[in-house]
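K.L.:
Residue-level listing of the chains:
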Amino acid sequence: MAEISLKKVVKSYGRTPVVHGIDLEIADNEFVVLVGPSGCGKSTTLRMIAGLEDISDGEIRIRGRLVNDLPPRKRNISMVFQNYALYPHMSVRDNLGFGLKIAGQSRSVVAERVAEAAGILGLSDLLDRLPAELSGGQRQRVAMGRAIVRHPDAFLFDEPLSNLDAKLRGQMRAEIKKLHQKVASTIVYVTHDQIEAMTLADRIVVMRDGHIDQVGTPMEVFNHPVNTFVAAFIGSPPMNQLPAVVDAGRLRLEDGTTIAVPERLRARVRAGQKLILGVRPDDISPEGYGLMEDGESDRVDLLVDIAEPLGMESLIYSRLAGQEVQAKLYGPRLVAPGERLTCRISLSRAHLFDAGTGRNLEAE
Amino acid sequence: MLRALRVRQTALAPLILLTPAFTVMLFVVALPLAFSLYTSMTPYRLIRPETLDIFIGTRNYVRLWDNAAFWAAFWRTILFLAIALNAELLLGLGIALLINKLTWGQRTLRTIMMFPMMFSPILVGFQFKFIFNDNIGIVNNALQSLGLTDRAIPWLVDAQLAMFSIIVAEVWMSTSIFAILLLAGLLAMPRDPVEAAKVDGCNSWQVFRHITLPFLMPFIFIAMTIRSLDVARAYDIVHVMTGGGPAGRTELLWTLIARVGYDNARMGEANAMAYVSTLLSIAFTVFFFRKLMAARRYMGGAE
Ligand SMILES: Nc1ncnc2c1ncn2[C@@H]1O[C@H](COP(=O)(O)OP(=O)(O)OP(=O)(O)O)[C@@H](O)[C@H]1O
Ligand SMILES: [Mg+2]
Chain V
487 MAEISLKKVV KSYGRTPVVH GIDLEIADNE FVVLVGPSGC GKSTTLRMIA GLEDISDGEI
547 RIRGRLVNDL PPRKRNISMV FQNYALYPHM SVRDNLGFGL KIAGQSRSVV AERVAEAAGI
607 LGLSDLLDRL PAELSGGQRQ RVAMGRAIVR HPDAFLFDEP LSNLDAKLRG QMRAEIKKLH
667 QKVASTIVYV THDQIEAMTL ADRIVVMRDG HIDQVGTPME VFNHPVNTFV AAFIGSPPMN
727 QLPAVVDAGR LRLEDGTTIA VPERLRARVR AGQKLILGVR PDDISPEGYG LMEDGESDRV
787 DLLVDIAEPL GMESLIYSRL AGQEVQAKLY GPRLVAPGER LTCRISLSRA HLFDAGTGRN
847 LEAE
Chain W
759 MLRALRVRQT ALAPLILLTP AFTVMLFVVA LPLAFSLYTS MTPYRLIRPE TLDIFIGTRN
819 YVRLWDNAAF WAAFWRTILF LAIALNAELL LGLGIALLIN KLTWGQRTLR TIMMFPMMFS
879 PILVGFQFKF IFNDNIGIVN NALQSLGLTD RAIPWLVDAQ LAMFSIIVAE VWMSTSIFAI
939 LLLAGLLAMP RDPVEAAKVD GCNSWQVFRH ITLPFLMPFI FIAMTIRSLD VARAYDIVHV
999 MTGGGPAGRT ELLWTLIARV GYDNARMGEA NAMAYVSTLL SIAFTVFFFR KLMAARRYMG
1059 GAE
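Going down the list, the sequences are from chains V and W. Here the first sequence stands for residues 487 to 850, where the numbers follow the numbering used here. Here the second sequence stands for residues 759 to 1061, where the numbers follow the numbering used here.
Worth double-checking, as some hints may not be accurate.
[As the list claims (entries may be wrong)] Residues on chain W that point at chain V, a partial pick, calculated with CB under 7 Å:
1. ARG821
2. ASP824
3. ALA826
4. ALA827
5. ASP908
6. GLU953
7. VAL957
8. GLN964
[Stated by the list, open to error] With a cut-off of at most 25 Å between alpha-carbon atoms, the simulated SDA-like pairs for lysine to any residue come out as follows:
9. V:LYS587 / W:LYS859
10. W:LYS859 / V:ALA513
11. W:LYS859 / V:ASP651
Since the hints were made in silico from the structure, they are not lab data. By construction, the Cβ of each residue, glycine as well, lies at the ideal position given by its N, Cα and C atoms.
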């Protein structure tokens, strides 16, 4: 129910800056996910929005109101912490109702809202338990319940699922998505798990070393990564990145193998330019066993190291020009180590990055 | 045969190993306790050993019921404890909260804070006896130099002031126990619930009241349990500073018991009083220990 805006926000601890002036506009009811490797400043950014960290420079506005100097309690946001941060001495009921009680709501309102949130999250039978008597997933739900009872302007989540096992994580991911649909609200969600980012986000914010590298919808970030970092970070298994030099209108790899320059990029490359060719494993497949064989393509020979059959498809670890390359094979065909495979490489979905800066040639 | 012996040996081993400890406990703790319990049921006088053989059942205890001096000391002791323990708790909590805020020098201060615990109570008694001395004491000296008064305030002679002075000495000696235990609690406290409470709308006082204080309760109970076991150490202070005077106005159970037992040589009666005061102390200990156990139940989920 609120838009959040960050302008040139900086955070330094002592003299070390850890967030370097980031700009971000989050729309009303938008689900924004901050992703990035460990230590890139995601939590710090979130905590600045929450008011738990001072802002060294720049402006943060929530609902248009400058909140730089407001304490957390005056920002009307709620936060779900990685370790849940439940109040250990209070029952689930009191944990849920605490914020409302502090806000001076009457008993009947508190009871009603707690019952409502407990209903949404399936906590109705656990209301009289203490946090110590709950499982990890249940604690997680209490933490979310505590966030939603207050009907805040925005929700902040800091890696809420990272302490759960894989199965539960999948379930809770779906529940968070449902929750966003049920209680329409602005959500800022921090994770380092790119699958969570892809599945949950309206928009993904990819961060690195205190900078924002790219902001976009999951599909934009996946299909048009602005640099090699984003390309490697988003998507699993990660995009193959092969150093190449432009030579006689083709891309020459280190061992002399050549691959055609994608047609749409021909005008952008010059002879002798050092580039990195980015191709997702899904876009390199043995001929006849690809997922999408339409569009422009070229052929390369791969030397198979090992293959991992995953049922309908196999992930192939192989070598090309001395580099490890991952390829995908769709269909019931077994591949042996040491086998030489002629593969089709999709050029219409390949990317070229500048070898020096790592920037995508197509990024403006 | 040999094997049977060895098996028996291993079965007996724990008992054999425990024997020294049990023997020591028996002679140092159990027997004296039993003996004093017995003497509390005799009219035993130190100067007439034969009185030890006369068993009079609970008569000493019944007599205590009508003993005005005993009850005066009893209630004075309760009052003394109530004031001293609460003052120690509040001061200790305040000190712990302040030290917890420090970013540097914390270790040094923590060590300095423990100094009072290193003094034997009798030294504390002497020290405060001089501090509060009406002629040469530093308190009067300071007050007079500052021009706040030109009289020599009779700190240890006036009944109320004497009680106050004793409490000050006791608080000085024992506040650090609270401060250290509560500081340990604060240092062990997880940061997350505090931050969650801030986001949930709490101001600093509300965070303290609803999050920090409940978290500290087990530590407060530990401190209280320890203190209710060792408060009798205050005997030394009172004995040295006022000797229970003036006119018995600072007489606490412990000084009264010592007076009746040693000065008046009525050991039987003194032991009866001692048992009452021990039971009182045990009652407090059990009370706080129960509270501690209850509070510990939820600390399991503190992460
Ligand atoms: N209190 C602090 N003092 C100094 N440096 C800090 C402090 N807190 C965080 N940092 C630094 O700030 C950087 C960003 O930390 P932050 O917690 O935001 O990372 P993150 O992106 O959330 O990582 P993760 O995925 O591991 O949680 C890190 O390099 C960290 O070392
Ligand atoms: Mg983090």
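K.L.:
Hint by hint, say whether it matches the structure.
P.N.:
Comparing the hints with the structure gives:
1. ARG821: 47 Å, violated
2. ASP824: At about 47 Å, which exceeds the 7 Å cut-off, the nearest Cβ of chain V leaves the hint on ASP824 (chain W) violated.
3. ALA826: 45 Å, violated
4. ALA827: 45 Å, violated
5. ASP908: 51 Å, violated
6. GLU953: With a minimum Cβ separation of about 5 Å from chain V (threshold 7 Å), the hint on GLU953 (chain W) holds.
7. VAL957: 5 Å, holds
8. GLN964: 6 Å, holds
9. V:LYS587 / W:LYS859: Distance of about 28 Å is beyond 25 Å: violated.
10. W:LYS859 / V:ALA513: Violated, because 39 Å separates the two Cα atoms, which is more than 25 Å.
11. W:LYS859 / V:ASP651: Violated, at about 37 Å.
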